[in-house]
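K.L.:
Just so you know, the sequences run in chain order R and Y.
Residue numbering for the first sequence is 1 to 252, as defined by the numbering used here.
Residue numbering for the second sequence is 1 to 380, as defined by the numbering used here.
The hints are simulated quantities; they were obtained by calculation from the structure and are not laboratory data.
Watch out, some of these pointers could steer you wrong.
[What the hints assert, rightly or not] Simulated restraints, written as ranges between beta carbons of each label pair:
(1) R:P153 with Y:Y362: 22 to 32 Å
(2) R:P153 with Y:Y25: 33 to 43 Å
(3) R:P153 with Y:L334: 31 to 41 Å
(4) R:E127 with Y:K353: 25 to 35 Å
(5) R:S180 with Y:L334: 33 to 43 Å
(6) Y:I206 with R:H210: 19 to 29 Å
(7) Y:L33 with R:V70: 48 to 58 Å
(8) Y:G122 with R:G181: 40 to 50 Å
(9) Y:L334 with R:I16: 39 to 49 Å
(10) R:D66 with Y:I206: 20 to 30 Å
(11) Y:K353 with R:A63: 47 to 57 Å
[Unchecked claim] Heads up, simulated BS3-like pairs for lysine-lysine below, C-alpha to C-alpha not over 27 Å straight-line:
(12) R:K134 with Y:K6
(13) Y:K6 with R:K107
(14) R:K59 with R:K17
(15) Y:K6 with Y:K240
(16) R:K107 with R:K198
(17) Y:K19 with Y:K154
Just so you know, even glycine gets a beta-carbon here, dropped at the ideal spot from N, CA and C.
Given next are the chains, with one letter for each unit.
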Amino acid sequence: MSFFSADNLSINFGGIKAVDGVSFDVEQGEVFTIIGPNGAGKTTIFNLVSRIYEPSGGKLAFAGRDITNVPPHLIAALGIARTFQNIELFEHATLLQNLLLARHAHKRSDFFSELLFLPYVRRLEMEHREAVEKAIDFLDLQQYRDSLIVNLPYGVRKVTELARALCTDPKLLLLDEPSSGLNVEETEDMAFWIQDIKNLLGITVLMVEHDMSLVSAVSDRVMALNYGRPIATGTPAEVQAHPEVVRAYLGG
Amino acid sequence: MRFPFKTSYNQDIRIFRDKVDAFWYGLLAVAVLVLPLLLDDYSVGEISWVFIYGICGVSLMVLVGYTGLVSLGHAAFLGIGAYAHAYFIMHGAPWIVAVVLAVVITTACGLIVGLPALRMTGIYLAIATLAFSVIIQEVFSRWESVTHGFAGMKVDVPVIFGFAFDDGRSFYFLCLFFLVIVLWLTRNLLRAPTGRAWVAIRDSEIAAQSMGVNLAIYKSMAFAYSAAVMGLAGALFAHKIGYLAPDIFTILLSIQFLLLVIVGGLGSLHGAVFGAIFVALLPPLIAILRDGIPDSMNQLAANTGLRVIGMLGTAIGEFLKKPGVEAGIFGLILVLVILLEPLGMYGRWLKIKLFFSTFPMYKASTFKRQKTYMRSERLR
Chain R
1 MSFFSADNLS INFGGIKAVD GVSFDVEQGE VFTIIGPNGA GKTTIFNLVS RIYEPSGGKL
61 AFAGRDITNV PPHLIAALGI ARTFQNIELF EHATLLQNLL LARHAHKRSD FFSELLFLPY
121 VRRLEMEHRE AVEKAIDFLD LQQYRDSLIV NLPYGVRKVT ELARALCTDP KLLLLDEPSS
181 GLNVEETEDM AFWIQDIKNL LGITVLMVEH DMSLVSAVSD RVMALNYGRP IATGTPAEVQ
241 AHPEVVRAYL GG
Chain Y
1 MRFPFKTSYN QDIRIFRDKV DAFWYGLLAV AVLVLPLLLD DYSVGEISWV FIYGICGVSL
61 MVLVGYTGLV SLGHAAFLGI GAYAHAYFIM HGAPWIVAVV LAVVITTACG LIVGLPALRM
121 TGIYLAIATL AFSVIIQEVF SRWESVTHGF AGMKVDVPVI FGFAFDDGRS FYFLCLFFLV
181 IVLWLTRNLL RAPTGRAWVA IRDSEIAAQS MGVNLAIYKS MAFAYSAAVM GLAGALFAHK
241 IGYLAPDIFT ILLSIQFLLL VIVGGLGSLH GAVFGAIFVA LLPPLIAILR DGIPDSMNQL
301 AANTGLRVIG MLGTAIGEFL KKPGVEAGIF GLILVLVILL EPLGMYGRWL KIKLFFSTFP
361 MYKASTFKRQ KTYMRSERLR
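The following block holds chain R by itself, in its conformation from the complex:
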């Protein structure tokens, strides 16, 4: 039984088979990347894994548990966190509040004790804050702590999303195009962070990415997707050289 597996996963939007019988396994501790041309169904797979879409067929299993029918708000508590392709931060809140919200899956206080802010609620808040500070230190976000997200530059927002995902204490991290919109330097930083997340924090990473330099730098295995179907799986070099993949990208 692998750490995370998708078995024959499918979803239709009307007559369009956005994801059509995709199966893959992710082993614990690896970085698994999904690549493919625009509209290949990469983000759709992410939305299926984080349970925002209802699959029309297939099974999802995580850490020995079938998660095909787990509601989306319980996914975080299981240890799956994600980032979004078009940043979905809470714009009119500070960076700190954004990260603290990521601790929601670990919330242990109830409504009425929060209403009175009982001492144990304060203690829990401090514990959450400590967890959040670890992520802030890890990703060097100290100086932005109290800034509103709307006032932060794009690159910092991208890192903030990564930090927010880390704050949920995930075992599996889904990164949806972590380098989109970043310049070369920022993309290099991102590569280092993804390696650190894998090596230092021991978090398994499932990633969708277009930037092949980043993909080759961090991925252990790559799956190429076209029209909702997997066309090749293997090491980054193998997949890049695969004739089907070349045809998918270049046509012909």
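Dock chain Y against chain R, hints included.
P.N.:
For chain Y alone, coordinates are given in the frame of chain R:
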């Protein structure tokens, strides 16, 4: 500019940022406690309205400003609270029990109205709540065995543990007490996971969900809490107004509440209080100007011999006496606030504060980038 040096996480959690903050709030507390001793009965009564509207403002702020759900039907919750409270008092329930029952009933109504909110957002939710408020208003006028319909319902002065709050001053303190309690409770929620979940729903539902927020539960909770606070405001409102009739709780009142939170500044509890000051004190201000402007300008005309000033003054006075002018002024101010200051009076307050704390280095462009709209304002 003052930067508090942070040495503990608690500094970001506690209500007052530092001793300086606590000092100013303490001064404010002293001021509102001393105020009724200095002012005449009429002014004390008007300031009690500020407190009641403040509670209403907190209620709508939680829903619109923090959770991003727009309601055009909050007058209905106020009415339910007011009628329920008056009904239980009339049937001999002790004051505290009547208030608790009124709050419980409005909370239940809030939960029921919140159910469609799980499926609707933006303008559709606004229309749904509007429909609810129309229905409730109809219930108020038809359910005569409870509400006495258009004949109206008299509300006695509050008597709590044998003490009668029968004059304006004691009632002022009662309203103040409840406003402070409501502010404190709401602030507690907002600095705890529940408040953060509400803000998360406002800014991005999909991300909130992926971080473990159960949208259905937290949206219903926002509606229920908002309704509960409104129910409490309703109980005080009933005493303040003294005589309940169905045509008090109209859509216009709901719009006034919405105006309150937008003019005050969406997304801050300060905004709820600022907005309450504005909404509660503008009508008496117009009333004062109605007589004051013609009188003083006529006086000026008599002194200077320029008859045109006197004529202008009389014309302004005549204009202010026309029906609908008050609503017109409210509307005009709402439009101007949305155009010029999306963050409302609280936003303006922050700028003034920054001006003095950075004087003479203040730059108007400091706030340039913050002129953004929240999703609840954009009505997805």
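K.L.:
Run every hint past the structure and note whether it holds.
P.N.:
Hints versus structure:
Distance hint check for R:P153 and Y:Y362: the Cβ-Cβ separation is about 24 Å, which falls inside the suggested range of 22 to 32 Å. Checked against the hint of 33 to 43 Å, the pair R:P153 and Y:Y25 passes, with Cβ atoms roughly 35 Å apart. Distance hint check for R:P153 and Y:L334: the Cβ-Cβ separation is about 34 Å, which falls inside the suggested range of 31 to 41 Å. Checked against the hint of 25 to 35 Å, the pair R:E127 and Y:K353 passes, with Cβ atoms roughly 33 Å apart.
The hinted range of 33 to 43 Å is satisfied by R:S180 and Y:L334, whose Cβ atoms lie roughly 40 Å apart. Against the hinted window of 19 to 29 Å, the Cβ-Cβ separation of Y:I206 and R:H210 comes to about 22 Å, which satisfies the hint. Under the hint 48 to 58 Å, the C-beta atoms of Y:L33 and R:V70, about 54 Å apart, fit the expected range. Checked against the given bound of 40 to 50 Å, the beta carbons of Y:G122 and R:G181, roughly 28 Å apart, lie outside it.
At roughly 45 Å, the beta-carbon separation of Y:L334 and R:I16 lies within the given 39 to 49 Å, and the hint holds. At about 23 Å, the CB distance of R:D66 to Y:I206 agrees with the hint of 20 to 30 Å. For the pair Y:K353 and R:A63, the beta carbons lie near 51 Å from each other, so the given range of 47 to 57 Å is met. Between R:K134 and Y:K6 the CA atoms are separated by roughly 17 Å; this keeps the pair inside 27 Å, and the hint holds.
With a CA separation close to 25 Å, the supplied pair Y:K6 and R:K107 stays within the 27 Å bound. A threshold of 27 Å between alpha carbons decides the hint, and for R:K59 with R:K17 the separation of about 16 Å falls inside it, so the pair holds. This hinted pair does not check out: Y:K6 and Y:K240 have alpha carbons roughly 44 Å apart, beyond 27 Å. Note on R:K107 and R:K198: the hinted pairing holds, with a Cα-Cα distance of about 26 Å set against a maximum of 27 Å.
Simply put, Y:K19 and Y:K154 have alpha-carbon atoms about 46 Å apart, too far for the 27 Å limit, and the pair is violated.
Hint check: violations occur at hints 8, 15, 17; the rest are consistent with the structure.
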